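For this one, chain C is given, so just place chains X and W on it according to the hints.
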Amino acid sequence: MSADERGGMSGDERGGMRAGKHGRMSAGGRGRRNRNQPRELRVNPVACQAHGVCIELLPELISADPWGYPVIAPGPVPPALIPLAERAANSCPTLALLLMSPD
Amino acid sequence: MPQADPPGPRAEPRTGAVARLLAGPEQRSLEDHLSQHGPPPFADIGRGGTDTAALITAVERAGLTGRGGAGFPAGRKMRAVTEAARHGGPFRSQTGTVVIANGAESEPASAKDRRLLSHAPHLVLDGIVLAAEAVGATRAYLCVHGGPEMLRDLREAVVSRERAGLSRVPVQVVSVPAGYVTSQETALVGLLNGTGARPSFVPPRPAQRGVQRHPTLVLNVETLACVALIARHGPAWFRELGTPAAPGSALFTISGAVTRPGVYELALGSTIGRALEEAGGPAEPPQAVLAGGYFGGWLPLPAARRAQLTDQSLRTSGAALGPGVLVVLPQSSCPLAEMARVTSYLASQSAGQCGPCRNGLPALADALGHVAFGRPGEDLLRWTDQLLGLVSGRGACHLPDGTAGLVASALAAFSDDVRQHARHGPCGRAARPPVLPLPEPPPVSPVAVPSPGGTP
Amino acid sequence: MTLTSAALAPALPGHATALVVTSASPLWYTTRATGLIAMVLLTVSMGCGLLSSGGYQRPGLPRFVTIGLHRNASLLALAFTAVHVVTTVTDSFVSIPVQDAFIPFISGYRPLWLGLGAIASDLLIALTVTSLLRTRMSYRAWRLVHWTSYACWPVALLHGLGTGTDTPVRWVLIVTLACVAVVAVLIGWRLAVGWPGHAVARAAGAVALVAALVAGGTWLAFGPLRAGWARRAGTPPTLLSHVAPRPGPVAPGRDR
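Sequences listed follow chains C, X and W, in order. So in the working numbering, spot 14 of the first sequence is number 27, and the numbers just go up one at a time. So in the working numbering, spot 260 of the second sequence is number 287, and the numbers just go up one at a time. So in the working numbering, spot 37 of the third sequence is number 521, and the numbers just go up one at a time.
Just chain C, with the same shape it has in the complex:
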């Protein structure tokens, strides 16, 4: 078998996240055009190296697991916290934190 996903292509179920310029949603790059679109925070777990900057900058939505990796509160980012979320995404040393809007 292909050790494949349980739950299938959840990205498609969410309405299809289209890839950005380089195939990933740039931190804060793509959503600016649609300011009223709901946006959510996601971590690229391969890029994340537990620097922990996002946990410091956005404790309202991001907390640390026992090993220092970010746990993100589910659901869309409240509009009031979007600027802080953008700042957190821009500050990630490995650009692992992504602020994505479903297209």
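Since the hints were made in silico from the structure, they are not lab data. In this text, all values refer to a predicted model and were calculated from it rather than measured experimentally. Beta carbons: idealized from backbone N, C-alpha and C, even for Gly. Any given hint might turn out to be false.
[To be verified] Which stretches of chain X does chain C cover? Using the computed rule of at least three CB atoms under 8 angstroms from a CB of chain C, they are:
{"#": "1", "region": "49-63"}
{"#": "2", "region": "414-422"}
[Said to hold, decoys possible] Partial pick of chain C residues on the chain X-facing surface, computed with a CB cut under 7 angstroms:
{"#": "3", "residue": "Asn57"}
{"#": "4", "residue": "Val59"}
{"#": "5", "residue": "Ala63"}
{"#": "6", "residue": "Asp78"}
{"#": "7", "residue": "Trp80"}
{"#": "8", "residue": "Tyr82"}
Below, chains X and W alone, put in the same frame as chain C:
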């Protein structure tokens, strides 16, 4: 290609053993295949014309879902690839697409892909070419974990088709390194791109951007064989078996404490009891059945005999259809000891890329070890629960979630055993030979990367 | 033009000095000052960058502060470097046209050492621009460019030591050596705690660090801190003049 008929009045779905993919004797040669299934309907399909769209529509109408474990609708995936190719932006050099046939069967308890590839390799190859033409692919890869014999046989099959003029799309047979996660679709793309057989973060999915940035269609070999049959006989024929929500038939690997372990083709919607009967019934008094492989779940017997083999139905019971794996656990086995072994194996299979998986799965395996071989207290069980929540959904692939789901299901299904162990320590049943299969010896994940630390 | 005297703190006594007719132009003072400040800011930036990438964190120094300091120090360094370049180019005492500030080794004034400054400023611009565009470019490309910071800082340092007329001045020397110490210690720390899977590369880095310090120190002692450096560094002869050695402290001029 036959007309795609709209589904007629719903007849009683046939259940139990059927012979579609595994029909007839083994078809090693192209001639055997042609005499069993007839010529592949290539002539009707040109490049980029309405006929290629017709196949995708037929697959959609047939309701074919992926047989590799994820169960994603195959037609939808094919359509996504064609859409991605059509909207190829200035950042892609060509709009060609790629097809990957996933025959890399990493699930230790599954043998159906190997069986299919030896019984009807040309049916799979038909499916590859049909799918390739439908999505406009310029090349295809058949990925397997096989040894030298399997690779040689498959390459010979490809060559025989080239000689017969049935090879409109070049098919390259590729050997995939061993490992539970190496056959995940993004890992296969990574292998073909030269970056290593390791899962990668999505988006972008292979259907959007895969091998050398082309939209890539990744389908299990059984799914592709079904495509080949749907192309010949139409979606209505496909729907004659199974249920409206889960049409068709599928291959099931039934093992464990059954009289005749093996690969069986059953209509979807058949009951687990029926499936076990096909395999000769339990060889000794059973306690539970694992449904869906190591990303699946446990169903206590005899209640599970009534459960239907559809993904929807199994998920509501806490298991899954997965790649059609059923392992019967006898009463003489300690389920917690088996789970400790399997969890340890799954933890060793982490590619090591994602912190929550790299750290959380070994911790989970450790905890399971204490549950099985120690005297688990409340604290340990709470910590185990916490771990289950901590790893789920936080990796690039579904190894952490699948493992967590399996463990959660086991702790629920075997809660009595957990209580017994808590009170009296490990039971004597752990001494019996293990039932759940693992690759021998459990490989250290060959794709594990050293701890990260690469910022300047 | 006047012959400056006792402008700054005493130089190292007993060395033959080459004084030069010089200008008391504020542009020249600004060039020297902004150059030194840019060096300090680059050191702060380098230090914060090393701490950040090494994952240094204390309750009183959260990661985002280290990263913020790194970014701000870099931008300030760029600003001071820009002023440094502008005042150098506009100061008419020595003819240094604007292209000399960006194209290395074409200058008529101390071509090698000035050229190093051009390289350092080019790298600093590349580092800054790519970092400002970090979220819009490939992470891998950004990281590749950012590795050149390990070249930018020492090149800027050598430029300052080689071109700077204040190198032998005691307090300037102390500040410069303090900058070297900070970066050397932090690179050493970074090698010790980072890149766990690459022991060979780390050992090689440690060797390179020690070798660089030894080589640099030797060059400093026998180069800029010795008499006649101005001539050896490539100051145009028209700007040089010689004076017999005097006992005791000697007032430095523009070039020695």
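Quick check: which numbered hints come out false for this structure?
1
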